[in-house]
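Below are the chains, spelled out letter by letter.
Number of protein chains: 2
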Amino acid sequence: MEVVKYPEKEDWARLLERPDLDYSALYGTVEQVLKEIKAEGDEAVIRYSEKFDKVKLSSIQVSDAEMEHVSIDESLKNAINLAADNIYKFHKAQEFKGETIETSPGVKCWQKAVAIEKVGLYIPGGTAPLFSTVLMLGIPAKIAGCREIILCTPPDKNGSIHPAILYAAAKVGVTKLFKVGGIQAIGAMAYGTESVPKVYKIFGPGNQYVTAAKQIVSLKDVAIDMPAGPSEVEVIADASSNPDFIASDLLSQAEHGATSQVVMVTDDASIISPVQKALEAQLKVLPREEMARKAIANSRIILVKDQEEVIEITNAYAPEHLIISTDSYAKIADRVINAGSVFLGQYTPESAGDYASGTNHTLPTNGYATAYSGVNLDSYVKKITFQEISPEGLQIIGPAIETMAENEELFAHKNAVTLRLKEIGK
Amino acid sequence: MEVVKYPEKEDWARLLERPDLDYSALYGTVEQVLKEIKAEGDEAVIRYSEKFDKVKLSSIQVSDAEMEHVSIDESLKNAINLAADNIYKFHKAQEFKGETIETSPGVKCWQKAVAIEKVGLYIPGGTAPLFSTVLMLGIPAKIAGCREIILCTPPDKNGSIHPAILYAAAKVGVTKLFKVGGIQAIGAMAYGTESVPKVYKIFGPGNQYVTAAKQIVSLKDVAIDMPAGPSEVEVIADASSNPDFIASDLLSQAEHGATSQVVMVTDDASIISPVQKALEAQLKVLPREEMARKAIANSRIILVKDQEEVIEITNAYAPEHLIISTDSYAKIADRVINAGSVFLGQYTPESAGDYASGTNHTLPTNGYATAYSGVNLDSYVKKITFQEISPEGLQIIGPAIETMAENEELFAHKNAVTLRLKEIGK
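Protein sequence lines correspond, in order, to chains Y and G. Take the first sequence: its letters are residues 16 to 441, numbered as in my numbering. Take the second sequence: its letters are residues 16 to 441, numbered as in my numbering.
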C-alpha cells in the first residue's frame with residue numbers, strides 16, 4: 016500500500032478518487048438483450064442463458080422437487096440460521112410506526128408504510144454461492160410484507176443452483192426462484208415473461224452488465240435499490256489499534272477483487288509499519304492472494320495531522336464500510352456524516368456486518384453514501400400519505416389555499432375549495 | 016370524458032395506460048449541454064441561459080440586495096406562512112427515532128439518520144411562480160439539517176425571480192439561490208460550477224429536458240428525488256358524492272396541462288351524468304379552459320361492478336393522487352396499496368395537499384407509486400448503520416461468521432474473526 020504522508024487538503028479529492036464508473040459503452044449490447052427479452056419473453060431468456068452462461072435450460076423456474084431435496088452441512092445450516100435470526104431482529108425493529116398529526120384543527124395527516132407488492136432479488140453467480148446476500152435482501156422483503164419475492168441467480172453448467180442458495184431462499188420465504196443470471200435476469204424481472212412475474216423494484220449486486228441493465232431499466236420501468244460500484248472499506252487506526260486485526264480487515268475488502276477500494280487513515284505514524292508487516296504476512300497465506308495483491312497495490316495508507324483531519328477526510332471519502340478500529344472510537348463515530356455502515360472498536364470486524372450481526376451488507380459504494388442509505392426495511396415499503404379534513408378544518412386552511420392557488424394561476428384548484436366552503440356556509 | 020362501462024379485467028391495463036415516457040430522443044442534446052457545463056462551468060451556464068431562456072446574466076446568483084427588497088401581498092404572505100407551518104409540523108413529526116438493538120448478547124446495532132449535506136432544489140419557470148414547491152422541497156431539507164440548500168429557478172426576461180419565490184426561499188432557509196433553469200440548472204448542481212456548489216441530491220419537477228437531464232446525471236453523478244411524469248388524479252365516487260366537488264377535483268388536475276391524467280372510478284352509474292354536467296359548467300368559466308379540455312378529452316370515467324373492483328382497479332392504476340370522495344371512505348382507504356397521496360372524504364380536495372394541509376405535493380406519478388414514496392423527511396437523510404461488538408459478543412456470533420465466510424470462499428473475512436477470537440482466548 017502506498018503511504019501518503021500529510022497530504023494538502025487540495026489533494027484529498029485526487030487521493031480519494033474512485034475509478035470512473037461509466038457503463039455506457041455496454042449500453043448497446045445490454046439494450047439489445049433487454050429489447051429481445053421484452054418482446055420474446057422466456058424464449059429470449061433461454062437463448063441468452065445458453066449464449067452467456069453456456070447452459071441449456073428446458074425450464075427456468077426451480078421446481079418444488081429441487082427445493083425439497085436441498086441438503087447442506089449442519090454447521091452451515093446453523094450458521095445461516097443464527098445470521099438470519101439477527102438480520103430478522105435488526106430489520107424487524109425498523110418497522111414504521113407513524114402517528115397522525117393534526118396540523119390545523121380538523122386537518123389530520125399521516126403516513127402509512129405499505130409493502131412494495133412485488134420485488135426481485137438478484138444474486139450473482141461466480142466461484143462461491145452468495146447465500147448471505149439472499150438473507151440480506153430476502154429477510155427485510157418478508158418482514159415488509161412483499162407479496163411476491165422473486166429471486167434470480169445463474170445456474171452452474173449443469174443447470175443447478177447451489178444448495179446453500181436454495182436453503183437460504185426457502186428460509187427467507189422467496190416465492191419463486193429462477194435459474195437466470197445477468198442481463199436476462201434483470202430484463203425478465205423488469206418486464207415480466209411467461210414464467211417470471213414483472214416486479215416493481217429490483218435489488219442486488221452484479222457485474223458490469225447487470226449494473227448497466229439495472230441502470231437502463233431504472234430510467235422508466237422499475238425502481239432499483241441503489242447505483243453500484245466496487246466494494247470499499249476505510250479503516251481508522253491509532254496507537255491503540257491492533258495491526259493484525261487491521262490487516263485482516265483491509266484484506267477482507269481486498270479479496271473481493273482487484274478493483275476493491277481499501278484505505279487506512281491514521282494520525283499516528285507509528286502504526287503504519289506494523290500494519291504493513293501484518294498485511295504481508297497475511298497475504299502470503301491467503302487463497303485469493305493474487306487478487307488481493309492487485310487491490311492492495313491500488314490502495315493507500317493516509318497519514319494526517321490530527322483527529323480533526325481524520326474525521327474530515329473520512330466524510331470526504333464517504334466509504335461504504337468504515338471501521339473505527341481504535342479504543343476511543345465514540346468521539347469519531349459521533350461525527351461521521353458520510354458512510355454506509357460503521358464498525359466500532361477493535362472487536363467489530365466488517366465481516367460481522369457482512370454475515371451475522373444483523374445489519375445489512377448491501378450498502379452504497381463509490382461515494383454514494385453522501386446521498387444513499389444501505390438497504391433497510393424502508394427499501395421495501397412506500398410511505399403513502401393520507402389526509403382527512405373536516406368541514407371546520409377546511410374553513411381554517413381553505414382561504415390560504417384559495418390565495419395560493421390564485422397566485423399560481425390555478426383556478427380550478429381554488430374552485431375545489433371555494434365550492435366546498437360555500438356548501439359548508441349554507 | 017369517455018365513459019367505460021364494466022370493462023373486462025384483461026382490458027384494465029390498456030384502459031389505465033399512461034403515455035410512454037421515453038426521453039432518450041433528447042439525450043443527445045441534453046448530454047452535450049451537460050458536458051459543456053461540466054467542462055466550462057458558469058460560462059456554459061450563462062451561454063445556455065442566453066440561448067434557451069433569452070436572458071443575458073452577468074451574475075447568476077441572487078444577491079443579498081435582491082433578497083432584501085422582496086415585497087408581496089400581505090394576504091399571500093399570510094397564506095404562505097400558514098402553509099409553511101403545517102408543512103413544518105407534518106414533516107417535523109417524521110423525524111427518525113431509532114433504537115439500539117442487541118441482536119445477540121454483546122452485539123449492538125443501530126441506525127442513525129444523518130442529513131444529506133448538500134441538496135439542490137429545482138423550481139420550474141412558466142406562467143406562474145411555483146412558490147408552493149419551494150415550501151414542499153425546502154422545509155423538509157431544513158428540518159433534516161441539510162447544511163447547503165441550493166435553489167435554481169429560471170429568471171424572467173429581465174433577469175428577475177418572482178418575489179413570491181424569493182419570499183418562500185427566504186422563509187424555508189435556502190442558502191443560495193440561482194437564476195438558472197433547465198438543463199443548465201441540473202448540470203450546475205450535479206457537477207458544481209464556480210458559483211453553484213455541487214450537491215449530492217437534486218429534487219424538483221421540470222419539463223422534458225429537465226427530466227432527461229435528471230435521468231442522465233442520476234446514473235452516476237448525483238441522486239434524484241424520483242422519476243418524473245405528468246401529474247394525475249383518480250377520484251372514487253359513489254351515490255353519496257357531490258358532483259360539483261368531484262368536477263372541481265378532476266379539473267384541478269386537468270388544468271395542469273394537456274397530458275395530465277384524470278380518472279374517475281365508480282360502482283354507481285347514477286353519479287356519472289351529474290359529474291359530466293358539473294364538469295361542463297365549470298369548464299366554461301375556467302381560465303385554462305382550452306388546456307383542461309384537452310386533458311379531459313383523454314380522460315376516462317370507469318364504471319365497475321362493485322367496491323371490490325373499485326379497490327382492485329385503483330391499486331392497478333397506482334395514482335399519484337387518490338381522492339376517495341365518498342361518505343364511507345374508510346373501508347376503501349384501508350385497502351389502498353398503490354398511491355402517492357390519499358384524500359379522504361368530501362371535504363378533502365387535492366388542492367389542500369397541494370398547498371396547505373401539511374403533506375408533500377411532490378409525489379410519484381406514472382405508476383411509480385407501486386415502488387416509490389412521495390418526498391418526505393426520509394428523502395433528505397441517509398440512515399447510516401452502526402454496530403459495536405464486545406469480545407463476548409464476537410465469541411457468540413464469530414463461529415457462524417467463520418463458517419459462512421468459508422463457504423463463500425472469503426478467507427480473509429474468516430480470518431478477521433479468527434484472529435480476534437484467538438486474542439480473546441489468550
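A couple of the hints might just be wrong.
[Claimed, not checked] Under the rule of at most 30 Å between Cα atoms (straight-line distance), these lysine-lysine pairs were calculated in the DSBU-like manner:
hint, chain 1, residue 1, chain 2, residue 2
1, G, LYS437, Y, LYS123
2, G, LYS104, G, LYS127
3, G, LYS71, G, LYS107
4, G, LYS398, Y, LYS127
5, Y, LYS346, G, LYS71
6, Y, LYS104, G, LYS398
7, G, LYS292, G, LYS346
8, G, LYS320, Y, LYS127
9, Y, LYS127, G, LYS191
10, Y, LYS437, G, LYS299
11, G, LYS123, Y, LYS437
12, Y, LYS157, G, LYS186
13, Y, LYS213, Y, LYS24
14, Y, LYS292, G, LYS437
15, Y, LYS398, G, LYS50
16, G, LYS71, Y, LYS398
17, Y, LYS24, G, LYS437
18, G, LYS53, Y, LYS112
19, Y, LYS24, Y, LYS104
20, G, LYS24, Y, LYS213
21, Y, LYS66, Y, LYS235
22, G, LYS112, Y, LYS123
23, Y, LYS20, G, LYS191
24, G, LYS71, G, LYS292
25, G, LYS235, G, LYS24
26, G, LYS50, Y, LYS92
27, Y, LYS398, G, LYS235
28, Y, LYS191, Y, LYS107
29, G, LYS50, G, LYS186
30, G, LYS186, G, LYS398
31, G, LYS53, G, LYS71
32, G, LYS50, Y, LYS50
33, G, LYS346, Y, LYS441
34, Y, LYS123, G, LYS50
Bear in mind the hints are in silico, worked out from the structure with no lab data behind them.
Pair hint LYS191/Y and LYS107/Y, alpha-carbon separation not exceeding 30 Å: Given pair LYS191/Y, LYS107/Y holds - Cα atoms ~23 Å apart, limit 30 Å.
Holds or violated: LYS123/G with LYS437/Y, Cα cutoff 30 Å? Violated - the C-alpha atoms of LYS437/Y and LYS123/G are around 58 Å apart, more than 30 Å.
Straight-line Cα separation of LYS292/G and LYS346/G no greater than 30 Å? 28 Å, holds
If you draw a straight line from the CA of LYS112/G to the CA of LYS123/Y, is it 30 Å or shorter? Given pair LYS112/G, LYS123/Y holds - Cα atoms ~22 Å apart, limit 30 Å.
Please verify whether LYS398/Y and LYS50/G have alpha carbons no more than 30 Å apart. Violated: LYS398/Y and LYS50/G sit about 36 Å apart, past 30 Å.
Given the hint that LYS71/G pairs with LYS292/G, test it: the Cα-Cα distance must not exceed 30 Å. 49 Å, violated
Within a Cα-Cα threshold of 30 Å, do LYS320/G and LYS127/Y meet the stated pairing? Distance of about 28 Å is within 30 Å: holds.
Taking 30 Å as the top limit, are the C-alpha atoms of LYS213/Y and LYS24/Y close enough? The given pair, whose Cα atoms are some 48 Å apart, is violated under the 30 Å limit.
Has the given pair, LYS104/G with LYS127/G, been kept, meaning a C-alpha gap of at most 30 Å? Satisfied, since the Cα-Cα distance of roughly 21 Å is no more than 30 Å.
Can you confirm whether the C-alpha distance between LYS50/G and LYS50/Y stays at or below 30 Å? 28 Å, holds
Check whether the Cα positions of LYS24/Y and LYS104/Y lie no farther apart than 30 Å. Violated, at about 42 Å.
Given the hinted pair LYS53/G and LYS71/G, is their Cα-Cα distance within 30 Å? OK: LYS53/G and LYS71/G at ~20 Å, within 30 Å.
In this structure, the hints that do not hold are numbers 1, 3, 5, 9, 11, 12, 13, 15, 16, 17, 18, 19, 23, 24, 25, 26, 29, 34, in rising order.
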